[in-house]
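Visitor: Residues per chain, in single letters:
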Amino acid sequence: DTGVSQDPRHKITKRGQNVTFRCDPISEHNRLYWYRQTLGQGPEFLTYFQNEAQLEKSRLLSDRFSAERPKGSFSTLEIQRTEQGDSAMYLCASSLVGVNTDTQYFGPGTRLTVL
Amino acid sequence: AQKVTQAQTEISVVEKEDVTLDCVYETRDTTYYLFWYKQPPSGELVFLIRRNSFDEQNEISGRYSWNFQKSTSSFNFTITASQVVDSAVYFCALSEAFRTGNQFYFGTGTSLTVIP
Numbered sequence: 068d069t070g071v072s073q074d075p076r077h078k079i080t081k082r083g084q085n086v087t088f089r090c091d092p093i094s095e096h097n098r099l100y101w102y103r104q105t106l107g108q109g110p111e112f113l114t115y116f117q118n119e120a121q122l123e124k125s126r127l128l129s130d131r132f133s134a135e136r137p138k139g140s141f142s143t144l145e146i147q148r149t150e151q152g153d154s155a156m157y158l159c160a161s162s163l164v165g166v167n168t169d170t171q172y173f174g175p176g177t178r179l180t181v182l
Numbered sequence: 018a019q020k021v022t023q024a025q026t027e028i029s030v031v032e033k034e035d036v037t038l039d040c041v042y043e044t045r046d047t048t049y050y051l052f053w054y055k056q057p058p059s060g061e062l063v064f065l066i067r068r069n070s071f072d073e074q075n076e077i078s079g080r081y082s083w084n085f086q087k088s089t090s091s092f093n094f095t096i097t098a099s100q101v102v103d104s105a106v107y108f109c110a111l112s113e114a115f116r117t118g119n120q121f122y123f124g125t126g127t128s129l130t131v132i133p
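Chains as they are written, first to last, in our numbering: chain B, 68 to 182; chain S, 18 to 133.
Be careful, since some hints might not be right.
Said to hold, decoys possible - Label-pair restraints from in silico Cβ distances:
hint, chain 1, residue 1, chain 2, residue 2, range
1, S, Val-31, B, Gly-107, 23 to 29 Å
2, B, Arg-148, S, Thr-37, 41 to 47 Å
3, B, Arg-148, S, Val-31, 29 to 35 Å
4, S, Pro-133, B, Gln-147, 43 to 49 Å
5, B, Gly-139, S, Val-31, 45 to 51 Å
6, B, Asp-130, S, Ser-78, 41 to 47 Å
7, B, Gln-147, S, Lys-33, 49 to 55 Å
8, B, Ser-133, S, Val-102, 36 to 42 Å
9, S, Leu-65, B, Thr-180, 41 to 47 Å
10, S, Ser-59, B, Arg-82, 35 to 41 Å
11, S, Pro-57, B, Thr-143, 24 to 30 Å
12, B, Gly-70, S, Tyr-81, 16 to 22 Å
13, B, Arg-82, S, Asp-35, 46 to 52 Å
14, S, Val-31, B, Glu-123, 42 to 48 Å
As the list claims (entries may be wrong) - Every beta carbon over 10 Å from chain B, so not counted as near; a handful from chain S, in silico:
hint, residue
15, Ser-29
16, Val-31
17, Asp-39
18, Glu-61
19, Gly-79
20, Ser-82
21, Asn-84
22, Phe-85
23, Ser-90
24, Phe-121
25, Ile-132
Hints listed in this document are in silico derivations from the structure and should not be mistaken for laboratory results. We put the beta carbon where it would ideally sit given N, CA and C, even for glycine.
The shape of chain S in the complex, shown without the other chains (with noise of 0.2 Å):
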């Protein structure tokens, strides 16, 4: 079963929207982690956020928000006034940390391509 599931494949949208992508994860573990990355096109992840599951408060960064909600078991990502930079393929991550030595379980990814 997939652990995480990122539903969005592409999505377009012009510059200066507001553009939330989906995660949703999978575990039976009380304690775990959950990621959000970012992959350009030159294919570097770079590392965005990382919320513990014992943290629900939502985090605003700039333009980047997350929303951590346990009962629908979804941490899902907003930009704010979206900018052709923000172009790349992100990925959301789960890890499970007492299990398998923090191994990350990625989605599929969403492809964001941001429109001048």
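Next comes chain B alone, as it looks inside the complex (with noise of 0.2 Å):
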């Protein structure tokens, strides 16, 4: 499988709880994008790395939340202190950023439940 893959797919915690995602990209893809989605709502930016810069965050990342990319390869979403608010479904994408290249392609999402 070429595409791009999540773990876990599913995480249960308990608030207060520190928990870390895992995002591969595409391979030969070198932007890598993080997103947010509840129930009933599109996803929501937060956060992306060109190879392994963070080059934006946005506002929805609160200091709990912490990205890395450390290679330019794969890339780890952190959240400390896990609050209730923060269950939803946590997107990765990647895209190659060229002419006509640029087009985001989804993992599978890894869903977070905060009790």
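Make one complex out of these two single chains by using the hints.
Guide: Given below as structure tokens:
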């Protein structure tokens, strides 16, 4: 499978715990995006990387959220001291920057439930 | 302000009927991209089409067709002869390519149910 993969697919945690999600983009893609999607809404942008550089962060990304892409390949999204409001689907997407190639391809998502 | 509006929250059609999903967008940029994605119950967003702002030609792909009209800032999606497998949530998205690194702005989605 050469698509975007995410791990885990589901995560249930208790309020106050830390969680970390992983995203593996399509191998030749240099941009990687994180989105959050709540029930009945479209995905909302959180942050994106070009290679290993994190170039933009949304105001939605509080100080409890941190993302890394250490070698320009896979990325991790960590949420510290989770809150019930963090319950959502976290989606990762990747794209290849260039003419006609900036379409974002999405992974299956990680569904987080904070009890 | 909402950059992408999908006014139809839910639509139900009987199999083999045609259905059009509406999308209205808002941008000040002259260069932008519009997309449609399908999200089946499994949750993964599936890319359907990409259209840039300089290409107003309508497109047809099998039972799917798209109507892009800059004059009304709309990018509507029609499914002809709908099938049960078309049941999903469909999202329209806008990317202002030179502003924020291709960040996507999604609409709230239209949930389509095709009844057999």
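Visitor: Please go over all the hints and tell whether each is borne out by the structure.
Guide: Cross-check of the supplied hints:
Under the hint 23 to 29 Å, the C-beta atoms of Val-31/S and Gly-107/B, about 24 Å apart, fit the expected range. Hint check: Arg-148/B to Thr-37/S, Cβ distance near 45 Å, so the stated range 41 to 47 Å holds. At roughly 49 Å, the beta-carbon separation of Arg-148/B and Val-31/S lies outside the given 29 to 35 Å, and the hint is violated. For Pro-133/S paired with Gln-147/B, a C-beta distance near 47 Å keeps the hint of 43 to 49 Å intact.
For the pair Gly-139/B and Val-31/S, the supplied restraint of 45 to 51 Å holds, since their beta-carbon distance comes to about 49 Å. About 44 Å separates the C-beta atoms of Asp-130/B and Ser-78/S, a value consistent with the hinted range of 41 to 47 Å. Checked against the hint of 49 to 55 Å, the pair Gln-147/B and Lys-33/S passes, with Cβ atoms roughly 51 Å apart. Restraint check, Ser-133/B to Val-102/S: a C-beta distance of roughly 39 Å satisfies the suggested window 36 to 42 Å.
Taking the beta carbon of each, Leu-65/S and Thr-180/B are about 29 Å apart, not inside 41 to 47 Å as hinted. For Ser-59/S and Arg-82/B, the Cβ-Cβ distance of about 28 Å falls outside the hinted range of 35 to 41 Å, so the restraint is violated. For Pro-57/S and Thr-143/B, the hinted distance range of 24 to 30 Å is satisfied, since their beta carbons lie about 27 Å from each other. Checked against the hint of 16 to 22 Å, the pair Gly-70/B and Tyr-81/S passes, with Cβ atoms roughly 21 Å apart.
Under the hint 46 to 52 Å, the C-beta atoms of Arg-82/B and Asp-35/S, about 47 Å apart, fit the expected range. Judged by the Cβ atoms, the range 42 to 48 Å given for Val-31/S and Glu-123/B holds: they are separated by roughly 44 Å. Once the 10 Å rule is applied to beta carbons, Ser-29/S is consistent with being away from chain B; the minimum gap is 17 Å. In this structure Val-31/S is separated from chain B by more than 10 Å, as the shortest Cβ-Cβ distance comes to about 24 Å.
Residue-level check passed: Asp-39/S sits 15 Å from the nearest beta carbon of chain B, beyond 10 Å. Non-interface status of Glu-61/S relative to chain B is broken: a Cβ of that chain comes within 10 Å, the nearest being about 4 Å off. Here Gly-79/S stays apart from chain B, with its beta-carbon at least about 19 Å from theirs, past the 10 Å limit. With a cut of 10 Å on Cβ distances, Ser-82/S stays outside the contact zone with chain B, its closest approach being about 19 Å.
With a minimum CB-CB distance of about 20 Å to chain B, Asn-84/S clears the 10 Å threshold, and the non-interface call stands. The claim that Phe-85/S lies off the interface holds: its Cβ sits roughly 16 Å from the closest Cβ of chain B, which is beyond the 10 Å cut-off. Annotated as non-interface, Ser-90/S keeps its C-beta farther than 10 Å from every C-beta of chain B; the closest such distance is 18 Å. The claim that Phe-121/S is not at the interface with chain B is violated, since a C-beta of that chain comes within 10 Å of its own (minimum 6 Å).
Against chain B, the non-interface label of Ile-132/S holds: every CB pair exceeds 10 Å, the least being about 21 Å.
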